[in-house]
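With the hints as a guide, dock the two chains, each given alone in a separate frame, to form the complex.
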Amino acid sequence: MNKADGPKGLSRRQLLLRASVAGASFVIGSGFIAARDAAWATEVSNLKPETFATLVQMARDIYPHDRIADEFYVIAVQGYDNSDHSDEIEAGIAVLDAAARGRGHAGYLDTGWERDRVDILRNMEESDFFQKIRGGLVTGLYNQKAVWPIFGYEGESYSKGGYVDRGFNDINWL
Amino acid sequence: MAAPFDLNDDTVVVVIGTGAGGGVLANELAQKGVSVVALEAGGRYLPEDYVNDEWESFGQLAWVDPRTTSGDWRVSKDFSGLPAWIVKAVGGTTTHWAGASLRFQPHEWKGATTYGNVQGANLLDWPIGAEEMEPWYAKAEDKLGVTRTNGRPGLPGNNNYLVFEKGARELGYKDVHTGRMAINAEDYDDRLPCQQTGFCFQGCKWGAKWSAAYTDIPRGEATGNLEVRERAHVARILHNNDGKVTGVEYFDKDGNLHMQKARIVCVAGNSFESPRMLLNSASSMFPDGLANSSGQVGRNYMRHMTGSVYAVFDKPVRMWRGTTMAGIIQDESRHDPSRGFVGGYEMETLALGVPFMAAFLDPGAWGREFTSALDQYENMAGMWLVGEDMPQETNRVTLNHDVKDQWGLPVANVHFSDHPNDIAMRNHAYKQGQAVYEAVGATRTFPTPPYPSTHNLGTNRMSENPRDGVVNRWGQTHDITNLFISDGSQFTTGAAENPTLTIVALAIRQADHIASEMSAGTL
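Listed in order, the protein sequences are those of chains A and B.
Residues 1 to 174 (the UniProt record's numbering) make up the first sequence, in order.
Residues 1 to 523 (the UniProt record's numbering) make up the second sequence, in order.
Please keep in mind that the hints were generated in silico from the structure rather than gathered at the bench.
Do not take every clue at face value.
[Claimed, not checked] Among the chain A residues that face chain B by a calculated CB cut under 10 angstroms, a handful are:
#1 61
#2 62
#3 106
#4 125
#5 130
#6 131
#7 148
#8 151
#9 152
#10 154
#11 156
#12 159
#13 164
[Stated by the list, open to error] The calculated PhoX-like cross-link candidates involving lysine-lysine, where the alpha carbons are at most 25 angstroms apart (straight line), are:
#14 145/A - 315/B
#15 139/B - 110/B
#16 77/B - 132/A
#17 315/B - 404/B
#18 404/B - 77/B
#19 32/B - 261/B
[Claimed, not checked] These stretches of chain B come out as covered by chain A in the derived footprint (C-beta under 8 angstroms, 3 or more residues):
#20 193 to 206
#21 313 to 320
#22 363 to 376
#23 389 to 403
The beta-carbon is built from N, C-alpha and C at its ideal position, and this holds for glycine as well.
Chain B with its partners taken away, still in its complex shape (with noise of 0.2 angstroms):
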């Protein structure tokens, strides 16, 4: 049958979200003929309408139903009600993302093993590894069109990177390049090159940077095998007396409720709304949320350490100018605890325009030791620091039922509390990279404290065994074979990475399971 489909067509498999995991599984799906019917919370927005505004696009993408924070995190404190900067639309974050697209270092996929018994940290080895995953992240890069992968080149660099370069050659650092990016250095895909706009954040309107919007999506829909319904706000996954999922109740665009029935569910929702659908669900046979005998379902949130360095200098950088992170220091992203934590850390540049600056810089500040850097806009250079973190079982998404977003729904809260190796970590990435910028000779340099978290992480963890996670190694949940995790959440450990190349290799390597089983009968 081909879509539209009927609510009442038990066949199809039900995609939640559409971004880097739900977008390309539904797309990869509908390739091999499977049917699919896509759940998008947020509308449709294709490069033509992005805007180069910072705020206004915020206005436009960004996901600000209501959530509520605890813990001791920074971002709790100055943005209480935003812990995350992602996006509400077709695509979901892949809008926003910045297109930085590396694979795991291949120790990274054995947290527990590699780094032993951290105090306080819940490690966890993956269930896969290195090996298993090389063709699939072979494949997500061909997809993407990441440069300096499969004979792909570099993109050039802009003012931001040459100082960054300069600053890290000067600091004796080797592996400094404009990065592995899902923006195009030349045609790629039907897609343009990068014109160095400089506003990969706010949307490409020229599409050179990959995104589920303007790529998987409407060749998915070509196929005439998927169906995305936009502005559908799921409530609750239902399932039947046997324990299998059976259907997805969701909200329209007017606040009418649906249900659209499934022989497959795959929750993709980002590692704030997958839980809280899963916890959202309880019934009586799962009292705990679906999917939850473990009690993981919203643990061992992570969201990277992270962090920014800005430096000034007494000529202009005009780091605004072109693409926003294609540079990167990698030799401090290995495992090496003579640094005093275990794990690395990724260098990569960073620009905002200035009313993000304002808001981001010392969030908080006012007074002239805060005006005079902003007075220096112009001089100004700018990376960003991601590295692994720990995953804690008390940092965690659960239901706050005190507050409910616009359909009536408990909403999620978000307790996040570093720990002491991510801070120590910060630490030493703040001191290196405040080193890069005075070895250029900057005249000021500030520590930025962390944004909004846009790598969310870890809320619904794969784990060979089903006490330890939520789902297995095809990110099907331990619980109910029908029922899959399809997004950042099902990760174990997070790595220095930056996370979409790896949840779209997964949701590739899903894709290819998922049809399969079904082929075979098996589900």
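Only chain A is shown next, with the shape it has when bound in the complex (with noise of 0.2 angstroms):
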């Protein structure tokens, strides 16, 4: 949206928003994306923000956490939205979009089921863009300090004195 030549002919009704079946995520129009309960919202400036809604879906296809909210998934994958990597991104979506066709759906985001979602991920596995976003995604994802509570995890403890009086030998079900 901070194009300096403002959103590309995009009228006000052309921004209306399209639901995907599958995603909780809503592309909004040029470059702005929302999530359906509008919980997060980003900017793309290189990618297409269809193409950026179904990389968020694959994120979470390929590590799914149902208690994780799909904002972390975003910050996870923002960091394709650079012109180093718009191009192999778009194609990659592209071939994804095209396998989602081949099986009778209107694209990935479209494709209702899971299960039917991976057994397009399962088939491209091998790709080099399934693992550079596979790759990404282990530190994308799990290295953000905010998703380590939604796993129980405490993270740093040192400025805490540690847990020498904070519960290291406290477990009471044995």
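Below, the structure is given as structure tokens:
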């Protein structure tokens, strides 16, 4: 949205939300995507908004955690929205969509069941594109300090004096 | 003369590397009045610098200079550019190590004799044994303050240990305790007791764990006999026409090449860098690299049989709280070929945080089988399996002339394939580890593949006969009298135990030998 030339010829009407069947995200318009529940919204500057929304869904399908909200998956893949990566990502997502169409769906985001999307991913898991996205998520998703509490992990402990007085041996069910 | 030393001072002993081998050797020599220049490729980080954050700490401490891999080990597929998880810093991997400090069992010094003819294994007896090493082990244990040795108490068990211990007892294991650890259970040697912080691998911010970085190195420097040059990356070791080494060429942090003259050179750069330096020092007199008349430089690379078992329970464990590795089952460390393999293995508690668990639980895995495991992170317990692997001539470090490091030097290629004995032992260990947790009600267990190696051994091995190895009983190269190997690369065989205590004991012993030979004028 911050392009110098502004939204490229998109009228207000064209900004109408296009909800996807599978994803929790809406593509709002040029360069702007929001969650269905408005919990997150992000701008994209290089990728097509549909591409980015598909990428977020792909990220969730690779590492699905039902208790982790979309915003964390968005953060995990946001780095691909730059000119160094955009061609490769657009091409990879195009392959993903083509695979979905080959199975009778309108596109990856329109593939309603996770198992069907996972089947599509399984068929491309040896590809460089898939491995790049999967590999990037290992740190992109799990190294976000904000997701650690969802797993119960407490992170840094030195500043609190370690666990010597805070339950290092507090197990009570053995 | 007192430190700092002149580049042209040819009376100094140059020690390359400052970890468990080089750091200890440098200090021990300095304490005896020997002038030492220690060249360390990494920078200096102390407890105030360490961070309780797995990836950030990895970025701070790990050796990530390029290396390449080959062979059928899974590390080569999952972490092709990172065969080892070791440290590039003053103090070396003693910043990262878990602290487990176990003596070899007596029979493990005599691998060839004990295990007999194992097809495909290049087994050899060490030229030294348990009786000779006993006093050096005792000195090493006192230096490191090893718990449960020489009257020192053990560490308390954390949650991860209590689960592990209960399962071990249910299974009938007898030799189960919180380990012999170089982590203080009480004040010792001006270092605090363990505060159960849970980040042993990231450098102990309390200094409760022994590391050469804040013990041997500063104490050596305080004598005035030790100069540590940080960010000094060795390119090659030079020699004269008599076949004696004369100095060491190294790059400083700005890439300027220097040459430090030396009376003696001791190489302690870990089992990848040490052979790499010898091979990169090839000359017309030594076309196959220094000290390589046997052809064994770089060969017999060992990394221990390793693996992990994680388990999920229906209630919380919170394994990350407390000392990372203070727990051991030793019942399987015996040599008992009736199990289908020679040698033995230890089972030791281990915990990873969420970031490393995601990277290492099942590298490359994805989908709900993987994520449903991580979802149970809070209810997980974990152990590491570490046992003796077979030396094989074909498992080796060579120079990869197609890939150069930041200084233009050929990098190490690390080739490794498991021996059938390693595989049989790992399968047995997985089964026993899973049984330990199932005995306390685990609902799901994970036989987790090896991580990038932390125990890198054997690439300049010790042998009685110069034909069979690179160094003699003192770590002195068979070919060049004033060139020594002072790290784990001199290991003839790996034994089942974590190697640091043995590396330290050998370094103390080597310092004693070098100093007395220098006094006698024979070196």
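- Message: When the structure is checked against the list of hints, which entries are broken? Sort them ascending.
- Response: Failing hints, ascending: 3, 17 and 23.
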